[in-house]
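**Q** The primary structure of each chain is shown beneath.
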Amino acid sequence: MSKIIASAAIRGSHRVFRQTEELLQKVIAEKGEDHHFEFPDTAYHLPMIYAITGFEVKTLKDMKEALRMTQDLLHDEPDDRLWSPYLGEALDSGMATLFAEEIWLALRYIEGLEPAKDPETGYVYNGFITDTIQRNLGIQLVDGRMPGFAAIIGAAPDDDTAVKIVRELQQKNILVFLSGNVKGESVTKQLLRKKVELGWDVYVVPLGPDTEHTLYALDWAIRASLIFGGMSGGDFKGNLRYTKERVFAYALVLGELDDVKWATGAGAINLGFPAICDTDVPVIHPTGVCTYEEVEKELDHDKIVQRAIEVRGLKVLVEKPPIPIAYGPAFEGERIRKEETFIEFGGTKSAAFEWCRLREAEEVEDGKIEIVGENWKERYEQGGTMPLGIVVDVTGRKMQADFLPIIERRLHHNINEGQGIWHMGQRDIPWIRISHSAKQAGFSLEDIAKIHHAMTHKRFSSIVDKVQVTLYTEEEDVIRLRDEARADWKARDERLAALTDETVDTFYSCLLCQSFAPSHVCVITPERLGLCGAYNWLDTKAAYEIDPTGGNQPIAKGELIDTRYGRYTGVDEYLKQASGGAVETLNLYTIMENPMTSCGCFECILAIIPEANGVMIVQRGHTGMTPIGMKFSTLAGTVGGGVQTPGFMGIGVNFITSRKFLAGDGGIKRVVWMTKALKERVREGFQRAAAEAGVPDLLDKVADETICEDSEKLLEYLTEVGHPALEMEPMI
Amino acid sequence: MADKTIKSADRVAEEIIEWAEGHGLETAFDRAERLHPCPIGHSGACCKICFMGPCRLVGPDAEEKAAGVCGATLPVVSARNFLRMVAAGTAAHSDHARDMAFTLLEAATGEAPDFKIKDEVKLRKLAGILDIPTDGKTKEIIAKEVAEKIISQFGQQKGELAFIRRAPKKRQEVWRKWGLVPRGIDREVAEAMHRTNMGVDQDPENLMMAALKVSLADGWGGCMFSTDITDILFGTPRPRRSQASIGIMKEDEVNVVVHGHEPTLAEMVVEAAQEKEMLDYAKQKGAKGINLVGMCCTANEVLMRHGIPTAGGFLNQELAVMTGLAEAVMVDVQCIMPAIAQAAKKFHTKIITTSHKGKMIDAVHVQYDEHRAKEVARQVLRLAIDNFANRTAEGSRVHETTPVIAGFSHEYIDYMQGGRFRASFRPLNDAIMAGRIRGVAGIVGCNNPRIAQDSIHDYLAEEFIKNDVLVVSTGCGAAACAKAGFMTPETALEKAGPGLREVCEAIGIPPILHLGACVDNSRILTVATHMVNEGGLGDDISDLPAVGIAPEWMSEKALAIGCYFVASGMYVIFGSESPVEASETVKHIKRNVWEERVGGKLEFVADPDEILKKSLEHIDKKRDALKLRKYEPGRFGVERKLMSMADRRKLEAIAKPHEIK
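Chains A and B supply the protein sequences, listed in that same order. Every letter in the first sequence is one number past the one before it in numbering that gives the first Met the number 0, and letter 219, counting from 1, is 218. Every letter in the second sequence is one number past the one before it in numbering that gives the first Met the number 0, and letter 468, counting from 1, is 467.
In short, the hints are calculated from the structure, not lab data. Virtual Cβ for every residue (Gly too), placed ideally from N, Cα, C. Check each hint, because a few of them may be wrong.
Claimed, not checked - Covered stretches of chain A, going by a simulated chain B footprint (3 or more residues, C-beta under 8 Å):
1) 73-81
2) 90-97
3) 142-153
4) 281-291
5) 312-319
6) 709-721
Claimed, not checked - Derived lysine-lysine pairs resembling PhoX-like cross-links, with alpha carbons at most 25 Å apart:
7) Lys649/B <-> Lys314/A
8) Lys649/B <-> Lys457/A
9) Lys124/B <-> Lys236/A
10) Lys171/A <-> Lys649/B
11) Lys358/B <-> Lys236/A
12) Lys345/B <-> Lys358/B
13) Lys345/B <-> Lys236/A
14) Lys640/B <-> Lys457/A
15) Lys649/B <-> Lys556/A
16) Lys171/A <-> Lys640/B
17) Lys640/B <-> Lys314/A
18) Lys575/A <-> Lys649/B
19) Lys236/A <-> Lys649/B
20) Lys640/B <-> Lys302/A
Stated by the list, open to error - Stretch by stretch, here's where chain A covers chain B in the computed footprint (C-beta under 8 Å, at least three residues):
21) 429-442
22) 496-506
Based on the provided sequences and hints, a complete structural model is requested.
**A** Written as structure tokens, this is what we have:
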């Protein structure tokens, strides 16, 4: 019964508390109370303690204070008979455990013991999850590619069961965190022995060997609330309601439990995350703290993944084409090395292309798969390399030529999501590898066509009625059709370039992130793509056709009432309703007044540098300092969560070179600092835009981190190179 | 033995009653048997408001034909009597609350130095509700302002009673619509007395609506003020383990019974009894220690906050004396039988009255004074200790006790469902929605010697939990359940239905929760409001699958409580006969007119099986109205909503019920 769990959790909390107290004393003795600490690349201090209490732990002295606060949450074990209630007390003890674990792990970082390294295999665990990784995952968290999160704690009864459970989770696109052990054995070790690929790319992330390392996953979950939910530190009600309702995480506890596991589990239940165990443990079924059961058991390893998903209330829609290998976004990041490759197409090895064509209804026979070429079967069976031209013909009553690039862009994902097959590039530069293991599983050349047929239907069901796929394997055919395709692509690109905010009467919203950032609304126009960089105007237009009640909705732009700043009556009306009243009005072309809000998944942050009379741009993942004295992670904290912050804005990379980029503030000439990596990435477009603005050598006048990381030096540099921003009208 | 009438379901009490009978000592149980109630007054047909009467409104077709000298008809007389009783009950609780408010004020100013502010969090919360700014203020200054504001509420002449705003929004609208919002407390009581004075209000409907109005000044006024101030001064209760039974009297210690309602002096006695000087003094007088024993609602107060054992409710007071072990029974106000001073004459027990409002012939009076409260407490203790030597072998010595877990303040009920960070009523609401818990019953109120003591309390409590109905209890009802051993977590495992049992096991609670004294029925109002605000069970207290029952009532205070629950939207059942039994018109008003207007109604049902049946029917009816899962014992579960990404984007709307409105 529950009392057994509560008692164990309370005992466990005392144990973790003592262990932390001892380590803290030791580290203070070594380093002194004023020793400073932060987890790698986070703006949220010790995130759990910060989210729940608002206390910013920055030094060992702060840790001492935080541990004192933790002590207040400890309780006595319930009596054997005539016990007092224990649920609230056990949950408090659970939270105390998380606080203590967070401090303990921080101390281990100071001691150089984290990320943990496996002494036998030398495997280095992930350790603390950075803000950058969290933001990188933004879109996957909201578009269904990553619908849920499983923390597997402990070890499966044998290696094969471990692989089976993890594979099943991967196929359901569930991100898996691994931690803890049972008498030294762990799922991480079991997977390593079976040579299963681990890491973020394949959705399987080993955090550390002990139960305490599970805290890293919980730190990640609670930060979703701070980063995307716009909640503040100390608003424990808001933060914990967010994790309960929006972060679909749960624990799969494999093997025997000890007190620390129960205590950590009690902590996780505070966040609304249930535990599903494969051993005969007591269960807690009444709901309310979690959405459904708090603790459940499922002894059958064939059923445990499904059971866990139900207990967390998670709907997983798996779209799998009829092929002999596993399929899902979790396999997208899988690498296939040269020696694992059975056959490859394109890259530098052979001619290849992939092209999507719009056809009349009578020209397409749905499901028809044709492979053109002499002896293609034998050549495939031999392995090595082969030319490959992929033509996907589609037709549909609601199909438009504008949607072709979108369907075409998905061809990459279609292939890459297969286990044991790999894809990169697009149009005339694709590169496909099929591994020996996929081949052994029975993967044939036809299966490439089958994937495209099935997935194009599944992803675009409401605009595509029929799909046929033709594969060309003769070099001559491939080259001939590739040239034909190139002409088509050129025409498409020109049409796209001609699309402006003025030439359309409808913009689109992107509400995908509202599952995570409830008050944020992206407004996407032909000249301003989504801040995540993943959705442009055409994407959203197609998405609306595909699912008229989905995450992208049309916005009749209405009347332009502020030409300079880009304020439209239709946009304002829409925003008020879609943001639940959080945002009243929006100016599309300025950073200074009612700028666009952010969910937290922005590719870049644009921030004003008042003394330079311009703006700087820093991209996600840049960990260095910037001239406004804040790193990306800190800046990001001020921009996310669906709040308008004049002077700060999250944007997609490609917006930098748009004609509407800060059009109301003076345009691209305002850019005074951007990172070197970003400069390289946008060079071509930037130079075009700069030339249009009359300063063709602007990019050279823009400073980067190799020139300066503070505003004083920046100003010196700008003066020296004669940056135009200095001469422009004051921004403020 | 076969034809022997059981007088009490409390086995220890029954033993003492039998002993008393055997020794020629009379108790309330005997007097009740001997003294039949006057049927005319009992049914509300006697008018003694003026000296033209008393008039008896009886005879064939009395409803239409009978009239008093002034012409008052039976419905008028009956409604007028009823309103007077409710006004008296309101006056009692509220006067108690007033004393508490003045104690808070003097604790804040330092004039009553023995009292401190123990729960600052609650003080600040209360200040927030009363619109008193707290920033930068010390707790003493806040306490002073809170006390002054509350004191002003008693005499407030216009506007609305402040705590009305704590009720669900929809409920407030109902009250405003029907003109039921009290302007103050004293004004409503005074007006009720005026209206029922000779020749004023002669309309039964108007009178009965006035009863609801004055009762609201009790529930959302006096009672709630008292509960909150008491928590601030003496700590908000959390569960404690203790014992319940008259058997808790100790042979080798000085037994001091604290009896009555206001906890101020009793709190001081609790503190003084732990002082070394007092303990040494007791030893010097040959006792091993000082054994404090609670009685009636003072017992509930000190049980909830200190784990002081309870000797039981109202009907145990004479029996406590008859154990021969009580050195002193200290009393203050309400529910104190003058019979104890007479019973004490046969024993060494000293009855000590302490309030100028409540003196008694043959008792010792030690005037309580909050300015030197601890000293008064010591004086009482010394009197008791000095009396230890006078103890004889006389008396019914029983030492059987029952364990109890008590102390469920609404703050703790909130906490116990999720801890410090996830405290909420979501689990309780979820459990009701899923059918794990069928509904909630409040079993409260008095004991009445015309009914075998505790028998209906115990019967209903046991039946309700068997039927997966969570029981909350206060006052003598709580004492009954405690003595019966129902308020232990083990009871959930042994007696509760499968769904309720699962919830109790998850939290670690008894299936019957002790919420405190009768004045703490305000806690039930707060719990009900929390349930409404949590979402999923309608938007008003009247939507909840819940009932309130006072099966063994006798006091006017019980009627005031019953009425404020009705006015708050609850179905209320009182046991025994109706005090307005004589008038069909008045019965119709309290059953139908009230239900139509405020969603609650009051019925008097003598048969316990009928009470149970009506309660469960009502709970199921409310469940149906809420379109909840049909209750089936042992079958529960939630409709799982598996969330897709699209569902998650629509979450705000789905999440609404979780918000505190």
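**Q** It remains to establish, for every hint, whether it holds in the given structure.
**A** Tested hints:
no., hint, verdict
1, 73-81, "holds (count 4)"
2, 90-97, "holds (count 4)"
3, 142-153, "holds (count 3)"
4, 281-291, "holds (count 7)"
5, 312-319, "holds (count 4)"
6, 709-721, "violated (count 0)"
7, Lys649/B <-> Lys314/A, "holds (14 Å)"
8, Lys649/B <-> Lys457/A, "holds (23 Å)"
9, Lys124/B <-> Lys236/A, "holds (17 Å)"
10, Lys171/A <-> Lys649/B, "holds (22 Å)"
11, Lys358/B <-> Lys236/A, "violated (51 Å)"
12, Lys345/B <-> Lys358/B, "holds (20 Å)"
13, Lys345/B <-> Lys236/A, "violated (61 Å)"
14, Lys640/B <-> Lys457/A, "holds (24 Å)"
15, Lys649/B <-> Lys556/A, "holds (24 Å)"
16, Lys171/A <-> Lys640/B, "holds (18 Å)"
17, Lys640/B <-> Lys314/A, "holds (8 Å)"
18, Lys575/A <-> Lys649/B, "holds (16 Å)"
19, Lys236/A <-> Lys649/B, "holds (20 Å)"
20, Lys640/B <-> Lys302/A, "holds (19 Å)"
21, 429-442, "holds (count 4)"
22, 496-506, "holds (count 5)"
Comparing the model with each earlier hint shows violations of hints 6, 11, 13; every other hint is respected.
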